[in-house]
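Given the sequences, and given the hints that come with them, work out the whole structure.
Sequences listed follow chains A and B, in order. Its first residue numbered 8, the first sequence is counted upward by one per residue in the numbering used here. Its first residue numbered 3, the second sequence is counted upward by one per residue in the numbering used here.
Calculated directly from the structure, the hints in this document are not laboratory data. Check the hints yourself; a few may be wrong.
[What the hints assert, rightly or not] Straight-line alpha carbon distances no greater than 27 angstroms define the calculated DSS-like cross-link-like pairs of lysine-lysine that follow:
#, chain 1, residue 1, chain 2, residue 2
1, B, K15, A, K28
2, A, K66, B, K15
3, A, K66, B, K5
4, A, K27, B, K15
5, B, K42, A, K27
6, A, K91, B, K5
7, B, K92, B, K42
8, B, K5, A, K28
9, B, K15, A, K91
10, B, K42, A, K66
11, A, K66, B, K13
12, B, K5, A, K27
13, B, K92, A, K24
14, A, K66, A, K28
[Said to hold, decoys possible] Cβ-to-Cβ under 10 angstroms is the rule here; a few derived chain B residues that face chain A:
#, residue
15, G34
16, T38
17, E53
18, F56
19, L60
20, N61
21, N65
22, R80
23, R103
Each residue gets a CB set at the ideal place from its N, CA and C atoms; glycine is no exception.
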Amino acid sequence: MNHSTNIRPKDIRYYLKDIKKQLLLTHSRKETTSIIEMLQVSINEFIEDNPTATMEDLKTHFSDYTSLNDMELYNIDSKILEEKLNYSKTIKRIAAVILFLVILAFIIYVVLYVKSYIDVQNSIPAYEVIEIK
Amino acid sequence: MNKNEEAMITKLKRSTTEVLLLSLLSQKDMYGYQLTAEMKQQSNGLCNYNETTFYPILNRLLNQNMISMTRMITDQQRVRVYYHLEESGKEYYEDLKRACRLYMTTIDKILSSTEVNNNEPFN
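Encoded structure:
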């Protein structure tokens, strides 16, 4: 692949990263990886065919990630979208339960710590009576 | 084309991308850039898609074994990935085409009838 053009490999990486983020909203990780691979191949073809192309030309041809998402949300099977939304809800619920348990454990730890501190404080004699015979 | 027309075309484009892609692949095997170019040319610029929008659909069709993908080296020593419509894809395409035609004919009938009604003089 010849990158002696106006398009830097770094810019392509950023572009693909943006596309990947959007694809992950509507596709599984495996599907996203596969789509990104296809896109990468096509970008290479585009650069070979258009050696003087700029990053703007590339974005115009391949689309920016917002229009991709717009298109994808419409094309995606409603059942898949429902599954994704349910999955997202489940993840949020699990995260909420874990957060609750962590906070609860922290509170219990603090209570026990304070209690043990008080016990230790109480176990230390304030004064000692020494009987002199 | 005014803004309303453009918006309507965009909505129609979204729902017909898959059948149009299959239609192009039923003509001959094509690679990514060629699909975009052919789509634009055959529609006189009306179906001007960004290439990226094709890949999620192509990927789904690949997973469903409707199409296959072949790497080829051109005369200029360039690697091209060609997409080929498989037998199951051809059947699927025929189903989509029939449904599309039926729907478009119905829409056309309804739209034409409103034009006729509008032209009729009041009694």
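Hint check results:
no.: 1; hint: B/K15 <-> A/K28; in the structure: 24 angstroms, holds
no.: 2; hint: A/K66 <-> B/K15; in the structure: 20 angstroms, holds
no.: 3; hint: A/K66 <-> B/K5; in the structure: 23 angstroms, holds
no.: 4; hint: A/K27 <-> B/K15; in the structure: 23 angstroms, holds
no.: 5; hint: B/K42 <-> A/K27; in the structure: 26 angstroms, holds
no.: 6; hint: A/K91 <-> B/K5; in the structure: 33 angstroms, violated
no.: 7; hint: B/K92 <-> B/K42; in the structure: 22 angstroms, holds
no.: 8; hint: B/K5 <-> A/K28; in the structure: 30 angstroms, violated
no.: 9; hint: B/K15 <-> A/K91; in the structure: 24 angstroms, holds
no.: 10; hint: B/K42 <-> A/K66; in the structure: 17 angstroms, holds
no.: 11; hint: A/K66 <-> B/K13; in the structure: 22 angstroms, holds
no.: 12; hint: B/K5 <-> A/K27; in the structure: 31 angstroms, violated
no.: 13; hint: B/K92 <-> A/K24; in the structure: 34 angstroms, violated
no.: 14; hint: A/K66 <-> A/K28; in the structure: 16 angstroms, holds
no.: 15; hint: G34; in the structure: 4 angstroms, holds
no.: 16; hint: T38; in the structure: 7 angstroms, holds
no.: 17; hint: E53; in the structure: 5 angstroms, holds
no.: 18; hint: F56; in the structure: 9 angstroms, holds
no.: 19; hint: L60; in the structure: 7 angstroms, holds
no.: 20; hint: N61; in the structure: 5 angstroms, holds
no.: 21; hint: N65; in the structure: 8 angstroms, holds
no.: 22; hint: R80; in the structure: 5 angstroms, holds
no.: 23; hint: R103; in the structure: 20 angstroms, violated
Of the numbered hints listed earlier, those contradicted by the structure are 6, 8, 12, 13, 23.
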